[in-house]
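Here the protein sequences come in this chain order: A and B.
Just so you know, the working numbering puts 66 at position 66 of the first sequence, and the rest follows in order with no gaps.
Just so you know, the working numbering puts 27 at position 27 of the second sequence, and the rest follows in order with no gaps.
Source of the hints: derived by calculation from the structure; they are not laboratory data.
Some hints could be false.
[What the hints assert, rightly or not] Calculated lysine-lysine pairs in the DSSO-like style (CA-CA distance at most 30 Å, straight line): (1) K40/A with K2/B; (2) K2/B with K44/A; (3) K67/A with K44/A; (4) K56/B with K41/A; (5) K9/A with K106/B; (6) K71/A with K2/B; (7) K56/B with K19/A; (8) K40/A with K106/B; (9) K56/B with K9/A; (10) K67/B with K22/A; (11) K9/A with K42/B; (12) K67/B with K36/A; (13) K56/B with K36/A; (14) K44/A with K9/A; (15) K56/B with K44/A.
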Amino acid sequence: DTAVSQTPKYLVTQMGNDKSIKCEQNLGHDTMYWYKQDSKKFLKIMFSYNNKELIINETVPNRFSPKSPDKAHLNLHINSLELGDSAVYFCASSPMGYEQYFGPGTRLTVT
Amino acid sequence: QKEVEQDPGPLSVPEGAIVSLNCTYSNSAFQYFMWYRQYSRKGPELLMYTYSSGNKEDGRFTAQVDKSSKYISLFIRDSQPSDSATYLCAMSAGSGGGADGLTFGKGTHLIIQP
Numbered sequence: 001d002t003a004v005s006q007t008p009k010y011l012v013t014q015m016g017n018d019k020s021i022k023c024e025q026n027l028g029h030d031t032m033y034w035y036k037q038d039s040k041k042f043l044k045i046m047f048s049y050n051n052k053e054l055i056i057n058e059t060v061p062n063r064f065s066p067k068s069p070d071k072a073h074l075n076l077h078i079n080s081l082e083l084g085d086s087a088v089y090f091c092a093s094s095p096m097g098y099e100q101y102f103g104p105g106t107r108l109t110v111t
Numbered sequence: 001q002k003e004v005e006q007d008p009g010p011l012s013v014p015e016g017a018i019v020s021l022n023c024t025y026s027n028s029a030f031q032y033f034m035w036y037r038q039y040s041r042k043g044p045e046l047l048m049y050t051y052s053s054g055n056k057e058d059g060r061f062t063a064q065v066d067k068s069s070k071y072i073s074l075f076i077r078d079s080q081p082s083d084s085a086t087y088l089c090a091m092s093a094g095s096g097g098g099a100d101g102l103t104f105g106k107g108t109h110l111i112i113q114p
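Working from the sequences, and respecting the hints, build out all of it.
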């Protein structure tokens, strides 16, 4: 009974390609997020959505575009992938914005 | 100076010991404080959540927040090998209607020796 799920778990692709990561939560939360964890394990907020509305966009290149078709889903589309985009991307959700519950992560490798 | 400082470790202690993990921060606007546990190649798992200053206890875990010193702690009693993981502190100012992201420390790698 997964609370926050992400697909795919692993993604290996070449520079210049476009890829998407999907996230779904079955917790009934209003707010969802994307975080990036770099090779040094540092976790940093990228975007937050509240009720399908973009709230935060933290100095992320515009090659990254989040989309929320409904409250339970938040997808991340990445255009023209670069080597520096290699990281683990985590989706999270929250009922109030403070207690955030994370998905299992998508490990993106750009070659 | 980073917003949240956390010693990366590794911190190695024998089974049964009391573990103390700490973070300091510089942003006085932070009001919400969390501790997450992350096993290798897994997502962060919420352990403790505290609002403002004070203590909170949950089983073997105790979280302490001292806003005057900008210092937070997590204590683990009767540590077990299964507690071996990376522990991340995280904080939020609570602005943005609750939709602001968390600011994380870099995590402390904890090893409990059987």
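*Take a quick look at whether K67/B and K36/A sit within 30 Å of each other, Cα to Cα.*
holds, 28 Å
*Does the alpha-carbon distance linking K56/B and K19/A stay inside the 30 Å limit?*
violated, 42 Å
*Does K56/B pair with K41/A here, judged by a C-alpha cut-off of 30 Å?*
Holds, at roughly 27 Å.
*Is the Cα-Cα distance between K67/A and K44/A 30 Å or less?*
holds, 19 Å
*Hey, K9/A versus K106/B, does the alpha-carbon distance stay inside 30 Å?*
The hint holds at about 23 Å.
*Agreement of K9/A and K42/B with the hint, judged by alpha carbon distance not exceeding 30 Å*: holds, 10 Å
_Does K36/A sit within 30 Å of K56/B, going by the straight-line distance between their CA atoms?_
Distance of about 29 Å is within 30 Å: holds.
*asked:* Would the hint linking K2/B and K44/A be met if the CA-CA limit is 30 Å?
replied: holds, 13 Å
*Given the hint that K40/A pairs with K106/B, does the C-alpha gap stay at or below 30 Å?*
Cα-Cα ~8 Å, so holds.
*Please work out if K71/A and K2/B have their alpha carbons no farther apart than 30 Å.*
violated, 33 Å
*Does K2/B lie within 30 Å of K40/A when you go C-alpha to C-alpha?*
holds, 15 Å
*asked:* For K56/B and K9/A, compute the direct alpha-carbon distance and say whether it is at most 30 Å.
replied: Given that 30 Å is the threshold and the Cα spacing comes to 34 Å, the pair is violated.
The structure shown violates the earlier hints numbered 6, 7, 9, 10.
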